[in-house]
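Chemist: Listed in order, the protein sequences are those of chains F and A.
Under this note's numbering, think of the first position of the first sequence as 1, with each following residue one higher.
Under this note's numbering, think of the first position of the second sequence as 1, with each following residue one higher.
Hints may be right or wrong, so weigh each one.
As the list claims (entries may be wrong) - Some chain F residues close to chain A (C-beta under 8 Å, calculated; not the full set):
| hint | residue |
| --- | --- |
| 1 | Tyr44 |
| 2 | Met140 |
| 3 | Glu193 |
| 4 | Leu195 |
None of these hints come from the bench; they were simulated from the model.
Glycine residues also receive a C-beta, built at the ideal position from the N, C-alpha and C atoms.
Here's the letter readout for the chains.
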Amino acid sequence: MAKFIESVGRDTLKRLDYVGGLSIGLWGAVRALRATLPVVGNRYRWKASIIQMLQIGVEAIPMVGLMAMCCGFILAMQGASELRRIGAMSLTIDLVAIGFTREIGPLLTAIAVSGRSGSAFSAEIGSMVVTEEIDTLRVMALDPIEFVVAPKMLAALITIPCLTVVCNVCGIFAGWIFMFFSTHLGLKLYVHEVLESLVLRDVVSGLIKSIAFAAIIVVVGCLEGFRVRGGPEAVGRSTTAAVVKSTFLVIVADMFFTAIFYFTGKH
Amino acid sequence: MSIISVRNLVVEYGGRRVLDGLNLDVEAGETMVLLGGSGAGKSTLLRNLLGLERPQSGSVVIKGVDITRCSPAELNRLRRSIGVSFQDAALFNSLTVEDNVALALREHTSLAPSIIELDVWLKLAAVGLADCGKLYPQELSGGMRKRASVARALALDPEILVFDEPSAGLDPIVAAELDDLILFSKRVFQMTVVVVTHELASAFRIADRIAMLYNGAFLAVGTRDEIRASQNPHIRQFLDRVPDNIATTRVVESFMENYVLSSEVTP
Chain F
1 MAKFIESVGR DTLKRLDYVG GLSIGLWGAV RALRATLPVV GNRYRWKASI IQMLQIGVEA
61 IPMVGLMAMC CGFILAMQGA SELRRIGAMS LTIDLVAIGF TREIGPLLTA IAVSGRSGSA
121 FSAEIGSMVV TEEIDTLRVM ALDPIEFVVA PKMLAALITI PCLTVVCNVC GIFAGWIFMF
181 FSTHLGLKLY VHEVLESLVL RDVVSGLIKS IAFAAIIVVV GCLEGFRVRG GPEAVGRSTT
241 AAVVKSTFLV IVADMFFTAI FYFTGKH
Chain A
1 MSIISVRNLV VEYGGRRVLD GLNLDVEAGE TMVLLGGSGA GKSTLLRNLL GLERPQSGSV
61 VIKGVDITRC SPAELNRLRR SIGVSFQDAA LFNSLTVEDN VALALREHTS LAPSIIELDV
121 WLKLAAVGLA DCGKLYPQEL SGGMRKRASV ARALALDPEI LVFDEPSAGL DPIVAAELDD
181 LILFSKRVFQ MTVVVVTHEL ASAFRIADRI AMLYNGAFLA VGTRDEIRAS QNPHIRQFLD
241 RVPDNIATTR VVESFMENYV LSSEVTP
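Kindly generate the complete structure, drawing on both the sequences and the hints.
Modeler: Next up, the structure:
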């Protein structure tokens with residue numbers, strides 16, 4: 001019994017330590033964001049941020065776009081198969097439009113970026129820890145958070161909401177492809193229906209979520225990298241942990257945000 | 001006057017004492033070699049000298065500043081006067097050799113790009129890599145990487161130059177070249193040099209004084225001749241390369257005997 005309590009206590013402390021690490025990492029990254037801004041910040045950090053924006057955002061567009069189109073198509077088909085039975089086929093458009101802007105767009109983008117970039121952050125920083133590059137930065141009087149994490153944070157905070165918009169557009173467009181082949185609905189009318197079904201709140205809530213997801217992916221990925229101890233096999237473990245933990249935390253955060261928007265919205 | 005002064009330095013990892021009340025004074029302009037076998041505590045001492053770790057107790061005073069108690073800003077100010085060359089060079093793989101050397105100049109000075117370029121060229125020329133500035137670290141040999149890391153350590157014209165295992169992993173000729181480079185850098189740039197190593201040949205070639213570390217404590221601190229003449233059994237064992245009795249037939253036989261006996265007792 002004593003051993004059980006001891007192990008529960010140890011696990012709890014470990015989790016609290018991790019949450020503490022995430023909070024400190026987030027605070028450090030947010031504080032260092034100023035250094036990455038153009039004009040007021042350091043131009044080398046801004047340059048690094050642009051490179052990160054290309055890697056996190058631009059290079060992910062084909063993958064996110066394709067995933068969104070597949071999901072849009074699936075959602076439209078699944079929705080239509082049920083809605084057709086009650087004669088509400090037109091509601092498929094609302095389902096796809098609202099479903100993507102509020103939920104699927106931010107979540108799908110976050111999962112794609114977590115798999116692509118979250119693991120890359122952790123591998124990059126983990127390798128830097130193993131090869132003593134992080135120690136080198138510190139002895140060169142350079143803050144590793146500002147040097148390594150802040151450009152990633154700025155890039156993610158800008159590109160992930162943009163990717164979410166791309167994801168929403170692709171998903172909703174896939175919905176039109178389905179509607180065109182099943183009901184010969186024109187694109188103009190489809191877009192009109194989509195705009196009718198959406199309100200600004202849907203889009204804004206999705207973008208707020210995507211900003212939170214961006215912060216989670218960067219902080220978890222970088223923290224896992226900084227926690228690497230040992231050799232290259234530890235880097236491998238950290239990349240897996242980064243993807244698993246950030247995906248889990250993104251889904252948990254999504255639930256909280258959805259609950260907040262649900263209870264604060266009009267019904 | 002001592003430029004580095006270590007007093008009663010105690011470092012423990014998980015209750016295990018790694019450094020046990022160390023005292024050391026490094027005079028300005030001298031080359032101090034921290035010599036010792038694997039697990040003696042050399043790297044831990046180095047990390048404490050560089051402020052990468054905080055000790056359990058004791059002080060490390062560099063240029064009059066106790067780095068175990070000073071603020072991060074003070075530590076960073078001090079670090080600009082310390083150049084470090086790590087064991088595996090720790091060059092930033094995403095930057096060219098000249099960008100590696102220029103990094104500290106770009107970050108900590110307001111020199112014009114043309115002056116930085118000239119300074120970088122001078123430092124690379126001093127280590128014999130004047131033609132390698134445009135190469136990436138992965139395109140260099142082990143010895144060249146070490147020399148590039150020395151050039152980077154020299155970038156801000158430090159008062160103290162620290163080397164972690166400079167000869168590790170290098171063939172004897174390249175290791176001797178690196179020893180020459182250390183002596184040359186000290187003579188040309190008028191610095192205090194601290195070298196952590198377990199290579200006897202290298203230590204006796206470059207040292208003004210040697211501090212012999214064993215099980216987290218200094219066995220002796222003295223000139224090359226004093227260390228060479230020491231009759232301390234551990235120093236003699238190290239200098240005469242006498243192995244511990246971990247692999248003698250008698251020890252192995254006794255281990256096997258104990259193993260068989262314990263297997264017979266435990267079903």
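Chemist: Taking the hints in turn, state whether each one holds.
Modeler: Going through the hints against the structure:
1. Below 8 Å, beta-carbon pairs count as interface contacts, and Tyr44 (chain F) has one with chain A at about 7 Å; its hint therefore holds.
2. Interface restraint check for Met140 (chain F): the shortest CB-CB distance to chain A comes to about 5 Å, inside 8 Å, so the restraint holds.
3. Checking Glu193 (chain F) against chain A by beta carbon gives a least distance of about 48 Å; that is not within 8 Å, so the hint is violated.
4. Given the 8 Å rule on beta carbons, the hint for Leu195 (chain F) is violated: about 45 Å separates it from the nearest Cβ of chain A.
When the structure is compared with the earlier hints, violations turn up for hints 3 and 4 and for no others.
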